[in-house]
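S.K.: Protein sequence lines correspond, in order, to chains R and H.
The first sequence begins at 0 in numbering that gives the first Met the number 0 and counts up by one.
The second sequence begins at 0 in numbering that gives the first Met the number 0 and counts up by one.
It is worth saying that the hints were derived from the structure and are not from the lab.
Keep in mind that the hints are not guaranteed to be accurate.
According to the in silico footprint, chain R covers these stretches of chain H (three or more CB under 8 angstroms from chain R) [said to hold, decoys possible]:
{"id": "1", "stretch": "12–25"}
{"id": "2", "stretch": "42–51"}
{"id": "3", "stretch": "54–68"}
{"id": "4", "stretch": "123–132"}
{"id": "5", "stretch": "150–163"}
{"id": "6", "stretch": "166–173"}
We treat Cβ as the ideally placed atom computed from N, Cα and C, and that holds for glycine.
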Amino acid sequence: MTHEEARARLSALLDGALPDREAVQVEAHLEGCSSCREELAQLRTTVTLLQEVEPMKAPEGFSAEVRRRIERLAQATQHSPWTRLRAALSWRSWSWRTVTAAAAVVMVGVFAVNLLREAGVPGGATRVRMPELALDVSKVGEGARTLAQAVPPSAGPGEPVSMRRVIRTGQMAIEVERFDAAASRLFAIAEGAGGFVADSSFSDEDGVPRGTFVLRVPAARFSEVVAQVEKLGTVKRRQISGQDVTEEFIDLEARVRNLARQEARLLALMDRATKIPDLLAIEGEVARVRGEIERLTGRLRFLANKVDLATVQAEVSQKPKKSEGALWDFKQTLERVRTAFLNTVRQMLGAAESLVALAAALLPVALLGALAWWLLRRGFRRADRIP
Amino acid sequence: MTFDERDLISRSRSGEIEAFDLLVRLHQDRIYNLAYRITGNREDASDAAQDAFVRAYQALPRYREDAAFSTWLHRIATNAALDLVRRRPASTHGELHPEVPAGDNLEAVVDRREITRRVHAALGHLTVEYRTAVVLRDLQGLAYGEIARILQVPLGTVRSRLARGREAMRAQLTDLVSAEG
Ligand SMILES: [Zn+2]
Numbered sequence: 000m001t002h003e004e005a006r007a008r009l010s011a012l013l014d015g016a017l018p019d020r021e022a023v024q025v026e027a028h029l030e031g032c033s034s035c036r037e038e039l040a041q042l043r044t045t046v047t048l049l050q051e052v053e054p055m056k057a058p059e060g061f062s063a064e065v066r067r068r069i070e071r072l073a074q075a076t077q078h079s080p081w082t083r084l085r086a087a088l089s090w091r092s093w094s095w096r097t098v099t100a101a102a103a104v105v106m107v108g109v110f111a112v113n114l115l116r117e118a119g120v121p122g123g124a125t126r127v128r129m130p131e132l133a134l135d136v137s138k139v140g141e142g143a144r145t146l147a148q149a150v151p152p153s154a155g156p157g158e159p160v161s162m163r164r165v166i167r168t169g170q171m172a173i174e175v176e177r178f179d180a181a182a183s184r185l186f187a188i189a190e191g192a193g194g195f196v197a198d199s200s201f202s203d204e205d206g207v208p209r210g211t212f213v214l215r216v217p218a219a220r221f222s223e224v225v226a227q228v229e230k231l232g233t234v235k236r237r238q239i240s241g242q243d244v245t246e247e248f249i250d251l252e253a254r255v256r257n258l259a260r261q262e263a264r265l266l267a268l269m270d271r272a273t274k275i276p277d278l279l280a281i282e283g284e285v286a287r288v289r290g291e292i293e294r295l296t297g298r299l300r301f302l303a304n305k306v307d308l309a310t311v312q313a314e315v316s317q318k319p320k321k322s323e324g325a326l327w328d329f330k331q332t333l334e335r336v337r338t339a340f341l342n343t344v345r346q347m348l349g350a351a352e353s354l355v356a357l358a359a360a361l362l363p364v365a366l367l368g369a370l371a372w373w374l375l376r377r378g379f380r381r382a383d384r385i386p
Numbered sequence: 000m001t002f003d004e005r006d007l008i009s010r011s012r013s014g015e016i017e018a019f020d021l022l023v024r025l026h027q028d029r030i031y032n033l034a035y036r037i038t039g040n041r042e043d044a045s046d047a048a049q050d051a052f053v054r055a056y057q058a059l060p061r062y063r064e065d066a067a068f069s070t071w072l073h074r075i076a077t078n079a080a081l082d083l084v085r086r087r088p089a090s091t092h093g094e095l096h097p098e099v100p101a102g103d104n105l106e107a108v109v110d111r112r113e114i115t116r117r118v119h120a121a122l123g124h125l126t127v128e129y130r131t132a133v134v135l136r137d138l139q140g141l142a143y144g145e146i147a148r149i150l151q152v153p154l155g156t157v158r159s160r161l162a163r164g165r166e167a168m169r170a171q172l173t174d175l176v177s178a179e180g
């Protein structure tokens with residue numbers, strides 16, 4: 000590695016953001032280059048200085064101003080549906096040729112975007128700047144929704160109903176073929192079981208996508224969910240635990256009952272107290288008891304949530320690719336084309352569905368309108384006949 | 000993401016403005032800081048940060064909870080700030096270039112205020128791309144992967160922009176960094 004190459008990598012080295020092989024090479028260069036060592040030291044100090052910068056507070060009344068703008072916006076859009084409807088109705092002035100051409104262009108465009116997305120072209124989606132769109136990873140969520148519909152909510156494994164309260168936790172590390180597909184599946188599994196993904200993080204630091212997903216699912220579906228998650232790939236590590244909190248539950252409930260009784264007694268006492276010092280003392284005691292009740296019920300709620308919703312933490316990593324050497328992976332290309340095609344079809348079906356839904360939503364309004372029109376006309380006709 | 004925040008997000012989504020108001024209060028300082036360091040002055044920062052929250056409110060139906068809400072906000076706010084910076088002529092960066100007295104003595108610059116002032120001034124001399132990378136990483140403390148998603152650029156680009164940006168900062172703060180090192 001040359002001096003310039005090493006120098007350009009010092010910043011990433013500071014953050015531990017270099018691939019291992021490059022880091023070793025830069026370290027080796029540093030051994031023999033005092034100028035780079037000095038530069039590294041100065042960069043480190045620079046970063047420390049940057050981190051020293053004092054954070055500022057948003058100006059006074061900031062959130063109120065945001066709120067005002069949002070409310071004004073909501074008022075403005077109330078007028079627009081009519082304008083939008085009129086614009087939509089003006090399609091009658093279009094010729095069939097224009098409509099067909101436009102549809103074809105849209106289809107080709109959607110297909111191309113899907114194909115680019117499949118191919119993982121970095122600039123594929125970037126060229127159009129849409130600041131308000133969700134992050135790239137949001138596609139995972141979209142996939143998950145469609146998948147979730149495909150997965151029928153299978154019946155629970157029929158666990159015996161018991162009064163034991165157990166916090167179930169599962170942790171597993173899984174190696175999968177395709178990270179994106181696995182991520183989609185995880186969301187689908189969570190939703191299919193009536194749960195959700197409470198937290199997720201992704202990284203693809205050295206070209207190997209990996210991520211951690213925390214699924215919260217109804218306790219009754221726990222083992223089923225674990226089995227589904229493990230089917231995603233090769234299980235590298237697994238840890239299942241169950242913490243029985245029945246005793247703590249019973250104890251907490253009893254203590255809350257006792258404290259509530261104590262509070263009621265104190266309140267009754269307070270009604271009868273006449274001297275100020277007595278009143279103050281009782282009031283202090285009431286506050287203490289109330290605080291304790293709140294603390295205990297908080298703990299109860301926390302436990303109940305943990306018991307009702309089991310936690311499954313999946314660390315997913317993608318298998319390192321082997322077919323790097325091949326000049327052109329025809330099978331993979333075919334797969335991409337296929338997926339892009341299916342995505343296009345799916346999106347068009349989605350659009351059609353929205354149209355049908357819109358028509359259905361408007362139908363009652365149209366019927367009412369027709370009825371009103373008919374009644375009005377009848378009224379007018381009758382009025383005409385009156386001499 | 001905490002449980003309460005998820006709750007606030009879903010309530011905001013169904014149009015509950017109180018819930019969104021709370022979300023704004025939770026994130027406004029961090030987002031304002033980001034906007035201030037990118038745009039360089041309070042007025043633009045306030046505009047950009049407000050724009051960001053209004054856009055976020057409108058885009059909320061499209062937000063999926065698989066990305067941290069704060070990262071998502073950072074992306075919107077970064078774009079809002081960059082929009083402002085690119086729309087305005089470079090000359091309005093006034094506050095970013097305060098006079099730096101020659102021959103600052105060390106005792107004075109050890110002061111955090113002074114460091115803040117010097118860093119802010121130095122940031123103003125960076126191109127907007129380098130400045131944004133440095134602000135996201137070293138002032139806002141985001142990870143490389145998050146920055147790549149926010150800026151919609153590959154990881155390698157984040158690395159190189161950050162390297163150039165930090166180098167430019169080092170060169171401008173050389174009296175401080177060489178004295179301490
Ligand atoms: Zn060197």
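S.K.: Hint compliance check: list the failing hint numbers for this structure, sorted ascending.
M.R.: 4
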